[in-house]
Structure formats: C-alpha cells, structure tokens
Amino acid sequence: MPQPLNYLKETASQTAGPYVHIGLIPAMAGFDIFEKNFSNVLVTPNTQGERITLEGKVLDGTGSPLRDVLLEIWQANASGRYNHPTDRSAGALDGDFRGWGRAGSDFDSGLVTFDTIKPGAIIDKAGRKCAPHVNVWIVARGINIGLNTRLYFSDEAANAADPVLNLVEPAVRRKTLIATRGERAGKVVYSFTINLQGADETVFFDV
Amino acid sequence: MNAQAPALQDPRLNRPEPLTPPLGDGGFFQRDRSIHPPAHAPGYKSSVLRSPRQSLLSLENSVSEITGPVFGHNDLGPLDNDLIRNYAKDGDPVGERIIVHGRVLDETGRGVPNTLVEFWQANAGGRYRHKKDTYLAPIDPNFGGCGRALTDDTGYYYFRTVKPGPYPWRNFVNSWRPAHIHFSVFGSGFAQRLITQMYFEGDPLIPVCPILTTIPDKDALDRLVAPLDLNASTPFDSLAYRFDIVLRGQRSTYFENRTAGN
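Protein chains in written order, with full-length UniProt numbering: chain A, 1 to 207; chain B, 1 to 262.
Because the hints were derived from the structure by calculation, they are not lab data.
As the structure is a prediction and not an experimental result, all values here were calculated from the model.
We put the beta carbon where it would ideally sit given N, CA and C, even for glycine.
Straight-line C-alpha distance at most 30 Å; calculated DSS-like pairs for lysine-lysine:
| hint | chain 1 | residue 1 | chain 2 | residue 2 |
| --- | --- | --- | --- | --- |
| 1 | B | K132 | A | K36 |
| 2 | B | K163 | B | K132 |
| 3 | A | K9 | B | K218 |
One side of the interface only, derived from the structure: several residues of chain B facing chain A at Cβ under 8 Å:
| hint | residue |
| --- | --- |
| 4 | D25 |
| 5 | G26 |
| 6 | R31 |
| 7 | A41 |
| 8 | R53 |
| 9 | Q54 |
| 10 | S62 |
| 11 | V70 |
| 12 | L105 |
| 13 | R129 |
| 14 | R193 |
| 15 | I195 |
| 16 | I215 |
| 17 | V246 |
Full structure from sequences and hints, please.
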C-alpha cells in the first residue's frame, strides 16, 4: 500500500431552492433585515468606464423563463483588471468597482438585469488577449450545482480571436455566449438569453 | 446513515499539518463531479427541465476564474450572524436554540480565511419568511431566517439560530424536506463558488429526501450531515452542531508563480 493521499473532498453541492432570496436577496423575499445589502448595481457614481445594462432571461427546456433564478456576475474593470489581490496585471485598479453583483429574476416576467460597466480586455497566462466578457453563475430550484457561463459583447471584434470562444465546437454554439448591443432611452443595453436545455442550449463551462 | 465524525473532518486532529499544494499555475484542483449531484436527477422533478443536455465545456482556469469578489467587515452588520436577535421584534424566536459552527477548508486542509458565508432557513415550524411560501405553519414574528459571517484567519465561522423544522413540498404527493440550513460560500476565486445544504444528525427524513439523494456518493452525502457537538454547546442556553465546509484546493497562486518564474 502506498502512503494515503489525504486530500479532503469538496463539499457536495445542493440546489439553492425556490427561497434562495431569503438568504441572498431578502428584499425580494419580502422583508428587510440587513443594514447593508448586495445588489445588481455594480457601479457607483465614481466608477470608471462605459455604463451598460445587462438584461436577459434564463429559459427552461420548454422555453419558459425561470422566475426564481439567481445570477451572480464577476468581471474585470474598464482597464481589464479584477479587483482581487492575485490579479497582478497591468491595468489600473478601480477602488469604486468591486466587480461582483447578484440579481434575482422578476417573479412575473423572469427578467434579470445588472447595471454595470463594460469590462476591458484581459490578457491570459499565455499572453493572449481575451475579448471582454462577464463571468456568470446561475443557481435556482431544480439546478443541483451552479452553472458557469460567460457573456461576450456583440460589438467586439476581439471575439473572433478569443481563446475560450474558439474552444467551442461546433462553432455554431458560440453565438449562445454573445449578448446583443442595443439602446433604450439613451442607455446602452446588452440583451442575453440563457437556454438551460434544448435546441439553442447555452454553453456551460466546467471551470 | 452515520453523521460525519468531527475527528475525520478536522485536520487539526487527524493530520499534523495541511498538505502543501505543488507549485502550479494558480488554477483550482479539478472538480470531482462524481461526488456532486448530476444536473439531471429525475427523482427531483424540477431538475428535469432545468438541466443541460450538452456536456460542460472544460476550461483551464484563467484569471477570470482564479479571482473572485473580496468582502470585508464593513459589508456586514454587527448582528448578521445572530438569527436569534437579527429580526427580533418583541422577544426571542420560538424553537430549539442552537449554535452552528465550523471551518471553511480547502481540499488541502487549509482554512479559507476572510471568506463570506451566508445561510438561510425556515423557522422552527418549517415555514419560510418568503412571499412565495404558502405552507400553513405560521410565520414567527421574531425570526427572519437569514444571516452571514466572514470566516476568521483560520477559516472558522459560527452563528446562532433556532433549529429549522421539516416542511412539505410538491415533488411526490407526500415529500418532506429534512430539517436543513442552506449555505452559500465564496472562497477566494469565483470557481470555488458553492451553495449547499446542512442537515442534522439522526434525522430520519434524510434517507428519503429526493433532493438529498441526488448525491451519488454516500460519503459525500454523510459530509452534509452535521453532528451534535455537545462540547460547543452552552449549558442552559443552546445546543451546538458542527459543520465544516470544504472548497476546492488550489495549485499555489498566480502571484507566487510569477515571482518564481517570470
């Protein structure tokens, strides 16, 4: 017998359930408890960068919107730098941008929105330029382990050379990761649809 | 079913020191999907339409996954980890007073310091304070049912609450959830993000729960069951349960790798 390899095992995931809002967005559950709350607004008046709204729905295998889903996003700032000590890249830190937010879908429409800024491009470990993107994590009733995906931006020429998009085969599935730029009342809105299952199923990652 | 034994979970007791992860690129250890519930688990009916049919695309960790949000004490309020007091209106909530405590570790046995742990639960009668919960058991006017804590330098957290009750749900005609507390944990990188549920030692509803039995690995299931911890209880006040949480390990850090090689 060799020596035992005593790594611990990761704690198993369980669904967030239908009442995830109680813990993570109590105002949506219908009550006020914490002095400070996390939200879907990532920007302060001093945050650097182009203001954008991300707006979309998560659809189930019948094409119906999930109305009890919770999304979190994690992204770099306008200079392409994450607000985290292990990101030592050249971009400037922005003290007014944590880079993280969470949102529950509307209980009637299923719409999910984030007010944020468009992230800058990242350089990966191999020195390749990665197109601007937002990392997305999805939990809900019926989802046993959080789903990871990304949102890219329809107006970015850099998408064509992005090392992650180029891993997606067949190539026709790449479009499931692209949010579409539009404008409404003078504001930039990127629209997205996340299909959990079916013909246009979104690409999910094992990160 | 046996509850997890604290002596097997706590590296201070059964291992002289944490494993040292080999130098690497800062990526997380590959997630062992065989211990997690599959996306499609037909016994838990909601998963049928909400599970991808395509395979996940495996991604080597880049800076996008190795990093994650950083939280501090200024994000929290002073009563956030005390569910007995944080929604009290005219008295204490009704129910079994308990302390839940433990450590957030990674797979090498190291504590994960300064990470955010959030938790939520039903009240002692199994009723959630949520506008969509219509179970006939009453709301407790002094109980909100959520809290949060930052782990300390060793990865330790604790909170105080009342033990939640089981409740019925629409899966099979007569499905009841075991008593449980939902946990949300961040870790140091977004790829460690985890939501899970803690159960209580000895609960006979555990082996018949359609959500809990989505877990294919019996040991992984047992690790979600918190043992009664009499040593941590407060006489004439509260019982205690111990719940350790393990997040993915990491192959050193981006920063260390750069100083060594670049």
